[in-house]
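J.: Given next are the chains, with one letter for each unit.
2 protein chains.
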Amino acid sequence: MGQMKFTAVQGGSIITPKGFSAGGLHCGLKKSERHDLGAIYCEVPAVAAAVYTTNLIQAAPLKVTRESLQDGRLQAVVVNSGNANACTGKQGEEDAYTMRAEAARHLGVAEQDVAVASTGVIGELLKMDCVTAGIAGLPKRLSGEASGAEDFSQAILTTDLVKKEACVSVRVNGKDVTIAGAAKGSGMIHPNMATMLAFMTTDAAIEADALQQLLRQATDVTFNMITVDGDTSTNDMLIAMASGLAGNDALHPAHPDWEAFAEGFTYVCQILAQAIARDGEGATKLVEVQVSGAVSDLSARAIAKTVIGSSLVKSAVFGADANWGRVIAAVGRAGEPVNPETVDIHIGDISVLEGSRPVAFDEDAALQYLKGDTVRITVDLHQGDGIATAWGCDLTYDYVRINAAYRT
Amino acid sequence: MGQMKFTAVQGGSIITPKGFSAGGLHCGLKKSERHDLGAIYCEVPAVAAAVYTTNLIQAAPLKVTRESLQDGRLQAVVVNSGNANACTGKQGEEDAYTMRAEAARHLGVAEQDVAVASTGVIGELLKMDCVTAGIAGLPKRLSGEASGAEDFSQAILTTDLVKKEACVSVRVNGKDVTIAGAAKGSGMIHPNMATMLAFMTTDAAIEADALQQLLRQATDVTFNMITVDGDTSTNDMLIAMASGLAGNDALHPAHPDWEAFAEGFTYVCQILAQAIARDGEGATKLVEVQVSGAVSDLSARAIAKTVIGSSLVKSAVFGADANWGRVIAAVGRAGEPVNPETVDIHIGDISVLEGSRPVAFDEDAALQYLKGDTVRITVDLHQGDGIATAWGCDLTYDYVRINAAYRT
Numbered sequence: 551m552g553q554m555k556f557t558a559v560q561g562g563s564i565i566t567p568k569g570f571s572a573g574g575l576h577c578g579l580k581k582s583e584r585h586d587l588g589a590i591y592c593e594v595p596a597v598a599a600a601v602y603t604t605n606l607i608q609a610a611p612l613k614v615t616r617e618s619l620q621d622g623r624l625q626a627v628v629v630n631s632g633n634a635n636a637c638t639g640k641q642g643e644e645d646a647y648t649m650r651a652e653a654a655r656h657l658g659v660a661e662q663d664v665a666v667a668s669t670g671v672i673g674e675l676l677k678m679d680c681v682t683a684g685i686a687g688l689p690k691r692l693s694g695e696a697s698g699a700e701d702f703s704q705a706i707l708t709t710d711l712v713k714k715e716a717c718v719s720v721r722v723n724g725k726d727v728t729i730a731g732a733a734k735g736s737g738m739i740h741p742n743m744a745t746m747l748a749f750m751t752t753d754a755a756i757e758a759d760a761l762q763q764l765l766r767q768a769t770d771v772t773f774n775m776i777t778v779d780g781d782t783s784t785n786d787m788l789i790a791m792a793s794g795l796a797g798n799d800a801l802h803p804a805h806p807d808w809e810a811f812a813e814g815f816t817y818v819c820q821i822l823a824q825a826i827a828r829d830g831e832g833a834t835k836l837v838e839v840q841v842s843g844a845v846s847d848l849s850a851r852a853i854a855k856t857v858i859g860s861s862l863v864k865s866a867v868f869g870a871d872a873n874w875g876r877v878i879a880a881v882g883r884a885g886e887p888v889n890p891e892t893v894d895i896h897i898g899d900i901s902v903l904e905g906s907r908p909v910a911f912d913e914d915a916a917l918q919y920l921k922g923d924t925v926r927i928t929v930d931l932h933q934g935d936g937i938a939t940a941w942g943c944d945l946t947y948d949y950v951r952i953n954a955a956y957r958t
Numbered sequence: 551m552g553q554m555k556f557t558a559v560q561g562g563s564i565i566t567p568k569g570f571s572a573g574g575l576h577c578g579l580k581k582s583e584r585h586d587l588g589a590i591y592c593e594v595p596a597v598a599a600a601v602y603t604t605n606l607i608q609a610a611p612l613k614v615t616r617e618s619l620q621d622g623r624l625q626a627v628v629v630n631s632g633n634a635n636a637c638t639g640k641q642g643e644e645d646a647y648t649m650r651a652e653a654a655r656h657l658g659v660a661e662q663d664v665a666v667a668s669t670g671v672i673g674e675l676l677k678m679d680c681v682t683a684g685i686a687g688l689p690k691r692l693s694g695e696a697s698g699a700e701d702f703s704q705a706i707l708t709t710d711l712v713k714k715e716a717c718v719s720v721r722v723n724g725k726d727v728t729i730a731g732a733a734k735g736s737g738m739i740h741p742n743m744a745t746m747l748a749f750m751t752t753d754a755a756i757e758a759d760a761l762q763q764l765l766r767q768a769t770d771v772t773f774n775m776i777t778v779d780g781d782t783s784t785n786d787m788l789i790a791m792a793s794g795l796a797g798n799d800a801l802h803p804a805h806p807d808w809e810a811f812a813e814g815f816t817y818v819c820q821i822l823a824q825a826i827a828r829d830g831e832g833a834t835k836l837v838e839v840q841v842s843g844a845v846s847d848l849s850a851r852a853i854a855k856t857v858i859g860s861s862l863v864k865s866a867v868f869g870a871d872a873n874w875g876r877v878i879a880a881v882g883r884a885g886e887p888v889n890p891e892t893v894d895i896h897i898g899d900i901s902v903l904e905g906s907r908p909v910a911f912d913e914d915a916a917l918q919y920l921k922g923d924t925v926r927i928t929v930d931l932h933q934g935d936g937i938a939t940a941w942g943c944d945l946t947y948d949y950v951r952i953n954a955a956y957r958t
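Taken in order, these protein sequences are the chains called A and B. The first sequence begins at 551 in the working numbering and counts up one residue at a time. The second sequence begins at 551 in the working numbering and counts up one residue at a time.
Just to be clear, a hint being listed does not mean it is correct.
Since the list gives no way to pick one copy over another, a pair counts as held whenever it fits inside one copy or between any two copies.
[What the hints assert, rightly or not] Straight-line Cα separation of at most 35 Å, DSBU-like style, residue types lysine-lysine; simulated pairs:
1. LYS921 x LYS640
2. LYS921 x LYS677
3. LYS725 x LYS555
4. LYS690 x LYS921
5. LYS555 x LYS640
6. LYS555 x LYS690
7. LYS555 x LYS580
8. LYS581 x LYS555
Bear in mind the hints are in silico, worked out from the structure with no lab data behind them.
Make a model of the complete structure from these sequences and hints.
T.: Right, here's the structure in full:
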């Protein structure tokens, strides 16, 4: 991103922007004692925006959240893990509405200002006695301290191994504006004009349309550029809430500090997206595929996602095998314009293919590089100016182990 | 296919149709002593047709074979395994032309009547001393007996565990016409308007255009409906050769026995396609996904291929987990019209979802069924008359093991 117009906030989280608190607890949906219910609360109604899964099969909470977001405002989000409340019919819808109503009642906000999100197994009804008892206990767990964000971040995880957080600070009208996010990912990760569960907070004043537009743009180059397994969830949801308490003039695309805000916002999305990819089910490393020289950015994105999603490429990375033949095979099947004679491929800084011809390279150096915890594959098509970056992970024995018996 | 208009020929193979012989040997491309070079020979120039990979990166032998097939005739096919001769530049093209020339010389046929195919690792030059010495030895290995077909079938395998063959007999003009095929598959299997290496022989007299048209139609509902890993090879090729020695009037779509011939031809393709799916890298079972009630056959095909290609569905089948949530999630992301309220799913004969609502089912019975060596998943969308069937395999530890270190 060249010279960055924002500053990373070490130790920052979703409660760092002014006005936000968060919390989480164990209500009984997960078998272990891990947190499985959480909430984010804003002390004022926040300008809000969201993007959702494009899967035609959508979970009940998405319907409820869409309703709440019709006026572009939210004051709270309530989330459970351990159960996706998807394919649960009329009862599932009623349960999602009950989650919203109970959260609104206990937090003292309007029902229409509460969003609901769920993640976990598909096709089982929520244990509503656990959920309602848990929601009743949430308000006293909310905190504007780091522990509140920690509890929330833990409460949204499923097969994730680590929490995912990011926070940056931007100067807007000479004031410090903070942007933060929390996310969960792990499996069924192939966002398609949407994303996994992710929640962003900012204290910026911003126009609702501008926030929605920025959320879509940032999603296209971050959350929509990751894949773990090519499967798109029924529950994907990304919600952003802006409290406005930073005191800046409301942001919109013509605002003089819009670019800085957009860069910081996109950076938070990128950090969360990379964290989801690195913590993909069974993953041992983060894989980054950079495509340049495509006929357009859209074309570059399609090619980057095809390479990052190739089971053969992912298996080779797991095995630290510099098998560029699988990379170019994926490039060629992406359905995008490719000149079969002009493709360059690098693995890390090691050139392995130039003008579509193999280059003799140091296999030992490649092996050492591929054994690292981050692997970058660069493809230059020499056809145009289109660029894109996609993130994913390797395909491992543990991915199979985790998914061979997820329900049991 | 309802009442079948053809008869399976037990023990039949590509040499069963009149006029064909085949053979194979070890020339030194594979490290083990397994066969790695083979040929099919027809005693007369045969009417021939082919379909190729749609990957834009295409291996050198495909260019040579396209040239040979310009006149719709072939008399021989020479194939090597252990090296794909893909991404090998000018030298790779020269090597493919040399393979064709040497095969033509030693078999005593015109160069333009020889097709060349290769399969194996991408990006390494063929050891041409091995190949040319091997081709010189091929004519005396050719046989019209079963051993010749066996040698050929072994010579085209890579990570395949078993050979793939099929043979049927059809009555045309009161004469027995035989149709047979041999194929290899295993990894990088996601044919896209093309297929893996497969070779069909028939002694039918048939018009060249009719054979090409039939080959495409049969491919669409057989080879193009399988997936192992979603990766499309650079070397996919399906070649059909018709000797005409059965003595029937030349077949074309208006011929009274066309339908019987087409059914038998398609059946051979289907058996080979299923065999490729069942023998997918690391696979422990064949998975069949039947979709009905889609808005069109094309839509049903897209949905069936999305389900069969889902890593999550494949892992669940490996773990014998009746995780229908992953099936409906795949249905919903296929990019095709789906009514989220009217989906039925069966696993084997066990109903697990009706009208998109979970059905209580006997988990033990489902477990027993899923432990079998063939698993059928049936999806009814209740939206139209479109139907399709796709074949694949489970995703296993062995798939990861095989592909983590393929080159080494």
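J.: State the violated hints by number, sorted upward, taking the hints as numbered earlier in the document.
T.: Those not satisfied are hints 4, 5, 6, 7, 8.
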